[in-house]
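Colleague: Chains as they are written, first to last, in my numbering: chain A, 1 to 285; chain R, 1 to 285.
These are computed hints drawn from the structure, not numbers from a lab.
As the structure is a computational prediction, the values presented were derived from the model and not from experiment.
Among these hints, one or two may not hold up.
[To be verified] Simulated DEER-style distance windows between Cβ atoms:
| # | chain 1 | residue 1 | chain 2 | residue 2 | range |
| --- | --- | --- | --- | --- | --- |
| 1 | R | E203 | A | A234 | 29 to 35 Å |
| 2 | R | A63 | A | K260 | 32 to 38 Å |
| 3 | A | T47 | R | R85 | 50 to 56 Å |
| 4 | A | T232 | R | E77 | 38 to 44 Å |
| 5 | A | D175 | R | G178 | 39 to 45 Å |
| 6 | A | A234 | R | L13 | 56 to 62 Å |
| 7 | R | M66 | A | A220 | 54 to 60 Å |
For glycine and all other residues, C-beta sits at the position ideal for the given N, C-alpha and C.
Protein chains: 2
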Amino acid sequence: MSRIAYVNGQYELMGAASVHIEDRGYQFADGVYEVCEIRGAKIVDFTKHMTRLQRSLRELRIAMPMALASLKIVVQEVVRRNRVRNGIVYLQVSRGVSRRDHAFPTHPVSPSVVVTARSINPQKGSDTAARGIKVITQPENRWPRVDIKSVSLLPNVLAKQAAKEQGAGEAWFVDRDGFVTEGSSTNAWIVTSDNRVITRSAETGILAGITRAVLIDVLAAMQLKLEERPFTPAEAAQAKEAFVTASSQIVMPVIAIDDKLIGDGKPGVMAKRLREEFHRFAEFV
Amino acid sequence: MSRIAYVNGQYELMGAASVHIEDRGYQFADGVYEVCEIRGAKIVDFTKHMTRLQRSLRELRIAMPMALASLKIVVQEVVRRNRVRNGIVYLQVSRGVSRRDHAFPTHPVSPSVVVTARSINPQKGSDTAARGIKVITQPENRWPRVDIKSVSLLPNVLAKQAAKEQGAGEAWFVDRDGFVTEGSSTNAWIVTSDNRVITRSAETGILAGITRAVLIDVLAAMQLKLEERPFTPAEAAQAKEAFVTASSQIVMPVIAIDDKLIGDGKPGVMAKRLREEFHRFAEFV
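Bound conformation, chain A alone:
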């Protein structure tokens, strides 16, 4: 089946889906995005993703392209038309099309909206989770506004590529004080020997991950101990377990950091358990 994308009011065949060359998303990375998991043909934590989208747009003073209820229908329709039962839906909003000039357009422009969806075999994620992934560290070199989920992702691209070339599944950025901020497309977590779960506070240096937020609810419900504080790669290497979270990866065990094995070098018990429990606490629409 051909894939279908929603682009600025139209459902289009993926191969023909395009945006104008003067879309500010293309010329200035002047746009934001969200990725939601699809599970059983339902969108996971849609409301939370849309709340974050609206915040990102507000921070950049880009208007919501349509009412939230309409956007929800569009996203659901893209999922339906692509017959995605398990996979992801991607939503991008840019400031719109305008003659190239750094400053915001002075005439009213409509934000551009692109929505795509694709199936991912859940077995693939399960298989990866059963093995766990390695992470490498990279100097934090992103701009400070990583709280805005913008498409200004070139540093993330280069970090992820570096990880891949070293046989790792993710790169963790390390700030100038020596602490891990987050991964190139994930939040970073460790588990201490006494089963405290550690992740950096969303106040500084990271994007407030939706999977991260839901997992914090999971921990509370399971009466597990959470500490929101930064940690170093050295502490991670000595930790009992480590894992990353993202909408597309749920909870993904990390078995090594910069080739130093974490724990026994196998996916941890806590990570496995959190991965299994996660969807009991997620919202489905």
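Start from chain A and add chain R according to the hints.
Modeller: Leaving out everything else, chain R in the frame of chain A:
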């Protein structure tokens, strides 16, 4: 006359010129660009711009989309088809179209190429130069790889917008040591009371501007004193003159920084002279 753009092998009407929604330039800011001045229907310093383009591409490991000689023909053709005598030509190259994934595509993809051109009335620039522009300062918040002329320009967009809202024409970024790096789309210069011309070395924290490089040749030819070193906003406020350089602005006098007048608050003699002399030292193709 309708404007014409070159997009991936085709000359298209501007209104219909588009790129795929999964172009990595759109989803990841994974692309680079150049802007050249057009003067008397000739492209100014094309060779230098292409040398820098190739360097940017190399740093990101994006292939040159075509031979340099072919690219030159395309750029000249876009200028010709748009009948631009005075204005700018914009060239963007992205890594190409591939299913969304942060890491580089694993299958071979062709880089995307977009070229546009437009006329700008030279009187407009002259009028602005006769008045001079104000600059504001903004904390440097771009990633360190500003030596790559990438489309990851969201911080530049926000800085330029802040300038505009404060009645200024440019924002100068100030690094954590308190020194000016460069403008959101220009290089920054001051002139001391004894007529030394100061600009930050292209080694650190700035893009190696082409207009900047040519202006250094101009200074040498005119036996004027150049110092490549950082300066603070305070030194700029006390300077005899200040100005910015960019392909689209040539030499543009700066008359105030954060509302503190520079010199007598009028365009400086040196800036005016350099603006007049500039094109004697530029290359035209």
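Colleague: It remains to establish, for every hint, whether it holds in the given structure.
Modeller: Status of the hints after comparison with the structure:
1. Range check, E203 of chain R to A234 of chain A: about 32 Å between beta-carbon atoms, so the 29 to 35 Å window is met.
2. Between A63 of chain R and K260 of chain A the beta carbons are some 35 Å apart, a value that agrees with the proposed interval 32 to 38 Å.
3. At about 55 Å, the CB distance of T47 of chain A to R85 of chain R agrees with the hint of 50 to 56 Å.
4. The supplied range of 38 to 44 Å is broken by T232 of chain A and E77 of chain R, whose beta-carbon atoms lie about 55 Å from each other.
5. Remark: the range hint 39 to 45 Å for D175 of chain A to G178 of chain R is contradicted by a beta-carbon distance near 21 Å.
6. For A234 of chain A paired with L13 of chain R, a C-beta distance near 58 Å keeps the hint of 56 to 62 Å intact.
7. Between M66 of chain R and A220 of chain A, the C-beta spacing of about 57 Å keeps the proposed range 54 to 60 Å intact.
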